[in-house]
Amino acid sequence: MRRRAGVGAIHKQKLEAERYKDKGTEIQENQFEQMTKQMEFLKTNLEEFADKHKNEIRKNATFRRQFTEMCAAIGVDPLASGKGVWSVLGMGDFYFELSIQIVEICLALGESTGGMLEISELKERLSRSRRQKSKQQEITIEDILLASKKLKIFGNSFQVHPLGKNRFIIQSIPGELSLQETKALTVAANQETGSITKSLLMKELGWNELRTQQATEKLISEGLVWIDEQNEYEPSYWFPSLFPDRKNVE
Amino acid sequence: MNRFEFAQAMLLDGEAVVIKHESVKLYDGHEKTLFEDGEAVLTTHRIFWGKAGEFSRGSHIIQLHHRHVKALDEEMGSSMFFGKKKRLVIRLHDPYPDKAPGPMEYSAATFIKLSGPSGISSNFIQALNETLMARVWQINLQVSSPSSPPRIKPRSGIGGIEKGLIEKHRQTDENLSMAFQDLNKLIGMAKEIVQTSKNISIKIRERQTDASEDETLKFKTLLMSLGIDDPVTKENFTNNNEYLRSLGNEICQSLLDVITEQGGMMTITEVYCRINRARGLELVSPEDVLDACKLLNGPMKLRQYPSGALILQLDNHNDEQVAEEVEQQVKEVNSMSIEECARLQHISVLLAHERFLIAERAGKVCRDESVEGLRFYPNLFLTQ
Chain A
1 MRRRAGVGAI HKQKLEAERY KDKGTEIQEN QFEQMTKQME FLKTNLEEFA DKHKNEIRKN
61 ATFRRQFTEM CAAIGVDPLA SGKGVWSVLG MGDFYFELSI QIVEICLALG ESTGGMLEIS
121 ELKERLSRSR RQKSKQQEIT IEDILLASKK LKIFGNSFQV HPLGKNRFII QSIPGELSLQ
181 ETKALTVAAN QETGSITKSL LMKELGWNEL RTQQATEKLI SEGLVWIDEQ NEYEPSYWFP
241 SLFPDRKNVE
Chain B
1 MNRFEFAQAM LLDGEAVVIK HESVKLYDGH EKTLFEDGEA VLTTHRIFWG KAGEFSRGSH
61 IIQLHHRHVK ALDEEMGSSM FFGKKKRLVI RLHDPYPDKA PGPMEYSAAT FIKLSGPSGI
121 SSNFIQALNE TLMARVWQIN LQVSSPSSPP RIKPRSGIGG IEKGLIEKHR QTDENLSMAF
181 QDLNKLIGMA KEIVQTSKNI SIKIRERQTD ASEDETLKFK TLLMSLGIDD PVTKENFTNN
241 NEYLRSLGNE ICQSLLDVIT EQGGMMTITE VYCRINRARG LELVSPEDVL DACKLLNGPM
301 KLRQYPSGAL ILQLDNHNDE QVAEEVEQQV KEVNSMSIEE CARLQHISVL LAHERFLIAE
361 RAGKVCRDES VEGLRFYPNL FLTQ
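Sequence lines, in order, name chains A and B.
full-length UniProt numbering applies: residue 1 is where the first sequence begins, and numbers increase by one.
full-length UniProt numbering applies: residue 1 is where the second sequence begins, and numbers increase by one.
Worth double-checking, as some hints may not be accurate.
Ranges of calculated distance between the beta carbons of each label pair, as one might list FRET restraints [what the hints assert, rightly or not]: (1) A/T140 x B/L380: 53 to 61 angstroms; (2) B/R343 x A/Q230: 24 to 32 angstroms; (3) A/K203 x B/K168: 52 to 60 angstroms; (4) A/P162 x B/A52: 41 to 49 angstroms; (5) B/L281 x A/P162: 32 to 40 angstroms; (6) B/K168 x A/N166: 26 to 34 angstroms.
Okay, derived cross-link-like pairs now, EDC-like style, lysine to aspartate or glutamate, Cα gap no bigger than 20 angstroms in a straight line [stated by the list, open to error]: (7) A/K152 x B/E287; (8) A/K37 x B/E215; (9) A/K43 x B/D182; (10) A/K43 x B/D37; (11) B/K51 x A/E47; (12) B/K51 x A/E48; (13) A/K59 x A/E138; (14) A/K43 x B/E282.
Every beta carbon over 10 angstroms from chain A, so not counted as near; a handful from chain B, in silico [stated by the list, open to error]: (15) L11; (16) K70; (17) D94; (18) Q262; (19) N379.
The hints are simulated quantities; they were obtained by calculation from the structure and are not laboratory data.
Just so you know, these numbers come straight off a predicted model, no measurement behind them.
Cβ coordinates follow ideal geometry from the N, Cα and C atoms, glycine included.
Take the sequences, apply the hints, and build the full model.
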């Protein structure tokens with residue numbers, strides 16, 4: 001058909017555009033319906049799954065990790081809401097409960113650690129207290145990290161600092177740890193004693209005298225380290241959360 | 001329908017699955033039954049019928065043994081919406097006296113029909129024909145005892161215990177790999193939904209007026225339920241949310257007394273811990289608590305302080321009051337650190353810190369920051 005100019009053609013185009021628009025709305029409505037149906041289907045299947053595999057979910061850490069990784073891969077957060085479609089699996093209850101226990105332990109130890117706790121000690125204490133309450137699930141470092149991640153939305157009062165080699169420090173007091181402080185912390189974590197000296201910092205990190213002085217003073221004034229002047233050469237600085245004895249949790 | 005028997009969804013020795021058919025509806029004669037939208041599994045010995053999921057669980061479902069079948073027939077059912085669909089008619093012998101109990105004990109009909117949303121596929125019908133002709137079940141006449149799951153022969157001694165452990169591990173491994181398989185399916189389903197939601201989300205962004213309020217609300221509810229974080233659709237949503245409102249009420253009611261005792265302020269982390277401890281079951285997520293508190297207009301509100309801390313504070317408790325209180329406390333001891341204040345008032349260090357900051361902003365106290373730490377003194381610059 002020859003394309004025509006004039007009013008008639010314009011009318012026709014308008015009609016077609018409207019029809020396309022309607023079709024577009026139609027497809028959208030169908031998509032809503034489709035999505036609703038898919039959700040219903042998913043819900044039913046989740047319930048079945050929960051029924052069948054309750055034990056794996058609760059007891060198996062590999063399973064939990066696999067599940068959270070797969071959800072992250074498709075852009076879904078199963079822990080976003082306690083009332084979400086995933087709550088039937090009981091993952092939420094597991095992780096929220098864990099996050100509360102983490103907060104409680106960190107607060108309880110706050111005085112002796114200055115608000116910084118190494119993750120291995122946290123894991124040990126968590127397992128201990130959970131065993132007492134007869135919950136036999138094994139907790140892994142990944143579980144703790146995931147639970148802590150959830151707590152981050154409450155602001156800067158809860159942070160996790162990586163120290164390399166799969167070691168982490170949980171900070172439960174507010175305040176930003178500057179890069180300098182984190183570096184000093186990492187150096188300390190790599191020492192057997194968990195303590196540092198100014199010369200050690202200068203050697204490991206290549207800092208000059210002034211910078212080291214400022215860093216150590218900041219650490220002391222913030223209560224993150226204790227100064228020990230009994231060393232004959234120079235004072236050493238100890239991070240309470242890294243005391244070697246802490247590994248033997250009584 | 002009274003030739004059907006209850007059975008466990010497991011194959012006998014020498015039995016094999018021939019073909020499966022989904023969404024099958026059963027008719028007793030010409031009458032519809034309640035057995036609809038199930039899966040029909042044709043084996044060499046019988047036809048199973050059960051709901052999806054019952055097969056994988058090995059639960060009890062119903063079966064029609066092939067020995068009951070006299071003949072097969074087809075009929076065309078027609079309906080206005082779905083066009084012609086093929087129905088399978090199975091003509092049956094009279095019920096045998098040794099038939100096991102089933103879902104229907106009395107029936108006037110001598111045949112049953114199988115149908116589905118698009119009828120029964122020709123593949124299924126042909127397979128049934130061939131299976132009936134092959135008569136595999138007659139070779140193996142032990143019908144009555146369904147095979148029991150492999151039993152650990154009870155043996156005493158360490159050998160027996162070891163065997164038991166190995167068997168248990170094997171079972172756990174099997175369960176686990178089944179769990180992972182099922183998990184894969186679930187995630188696949190969720191992935192599709194995520195894709196659909198992305199498309200819908202784009203459409204909403206482009207033509208905001210076309211979708212009705214109601215539909216958009218439903219959509220956002222679905223997103224939240226699935227845990228998809230879509231900032232565009234999330235705004236304005238939390239205001240309309242019943243769940244968050246009632247959670248906010250719950251928080252107010254359970255924590256009002258405690259917060260008042262503590263001096264009118266509580267950090268949101270503490271709110272989260274306390275409300276979940278109070279609940280015990282069906283815990284709420286940090287996001288839930290945060291969103292619910294944001295909505296609060298009631299006797300307490302969520303405030304963000306310049307330091308970044310999120311605090312739930314009583315309405316009738318304003319900054320001036322706090323500043324005065326702190327000033328009084330500091331005057332009594334002339335100098336106070338954050339930890340001392342926290343210990344004195346039985347509140348958390350974070351909260352004590354905030355209170356000092358409030359008083360400091362009001363000019364009531366002064367800070368002294370040194371290597372020895374942070375202490376606060378009454379602000380003599382103003383008063384003297």
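Hints, verified against the model:
| no. | hint | result |
| --- | --- | --- |
| 1 | A/T140 x B/L380: 53 to 61 angstroms | 55 angstroms, holds |
| 2 | B/R343 x A/Q230: 24 to 32 angstroms | 29 angstroms, holds |
| 3 | A/K203 x B/K168: 52 to 60 angstroms | 55 angstroms, holds |
| 4 | A/P162 x B/A52: 41 to 49 angstroms | 45 angstroms, holds |
| 5 | B/L281 x A/P162: 32 to 40 angstroms | 34 angstroms, holds |
| 6 | B/K168 x A/N166: 26 to 34 angstroms | 32 angstroms, holds |
| 7 | A/K152 x B/E287 | 10 angstroms, holds |
| 8 | A/K37 x B/E215 | 14 angstroms, holds |
| 9 | A/K43 x B/D182 | 14 angstroms, holds |
| 10 | A/K43 x B/D37 | 17 angstroms, holds |
| 11 | B/K51 x A/E47 | 14 angstroms, holds |
| 12 | B/K51 x A/E48 | 12 angstroms, holds |
| 13 | A/K59 x A/E138 | 7 angstroms, holds |
| 14 | A/K43 x B/E282 | 17 angstroms, holds |
| 15 | L11 | 20 angstroms, holds |
| 16 | K70 | 37 angstroms, holds |
| 17 | D94 | 38 angstroms, holds |
| 18 | Q262 | 14 angstroms, holds |
| 19 | N379 | 21 angstroms, holds |
When the structure is compared with the earlier hints, no violation turns up for any of them.
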